[in-house]
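A.B. asks: Sequence:
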Amino acid sequence: MLLCPSFSKLVTGFVAGFFVCAAHAHTLPPAPASLQPLLVTMNERLNLADLVALSKWDTHLPTQDSAREAQVIANARKQATDRKLDPDEVAELIAAQIEPSKLVQYGLLAHWQAAGKAPDTPRPDLAKQIRPQLDELQNRLLQHYAAFAPYRKDPNCAGWLATARSGLIKDTLHGQALIRATGDLCI
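Heads up: the sequence shown at position 24 corresponds to 17 in this note's numbering, and the numbers run straight through without jumps.
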């Protein structure tokens, strides 16, 4: 097959650029130690969404709970001030954790509705067991976020995030939720 010389140069340039980018990806400096605990905590929070969904399935409560979300964000703002973090930044971080949690809940509830049943697994009490776990995770999340915050503007941040996040994804639904939960970590 004959190729136009300019097309051939374009393809050669693209291929060379691809290999340069691929080589650069392999030379990514190590991620800061504070990234992994932050992502693990975010992922733990998302995994609790499964239990929240089970509770809401049993009680027929709606996934959207605006009053609870406002309370969680207000608490995060207070914790931010106590930790000398920007309250608006922390409110955005926590909102970015709540939305993907609801995504998991909606996804699981839709799956169970289509199947006509939810899994036959133990259901912890939402108010007495799950919410205290979420509150404790929020405390850890802010601690890890404070440690990672200085690296958010690092040019390698997105690469570190993609690499670290890929090891935590267990399925498509939770993977998409984790991508959303971490979507604004790097600026």
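It is possible that part of the hints are untrue.
Unchecked claim - With a cut-off of at most 25 Å between alpha-carbon atoms, the simulated SDA-like pairs for lysine to any residue come out as follows:
1) K163 with G152
2) K49 with Q126
3) K95 with E62
4) K146 with A24
If you're looking for bench data, these hints aren't it; they were derived computationally from the structure. Given the structure is predicted, the values throughout are model-derived calculations rather than measurements.
A.B. asks: Each hint: holds or not?
C.D. replies: We went through each hint and held it up to the structure:
no. : hint           : verdict
1   : K163 with G152 : holds, 20 Å
2   : K49 with Q126  : holds, 17 Å
3   : K95 with E62   : holds, 11 Å
4   : K146 with A24  : holds, 13 Å
In this structure, none of the earlier numbered hints is contradicted; all agree with it.
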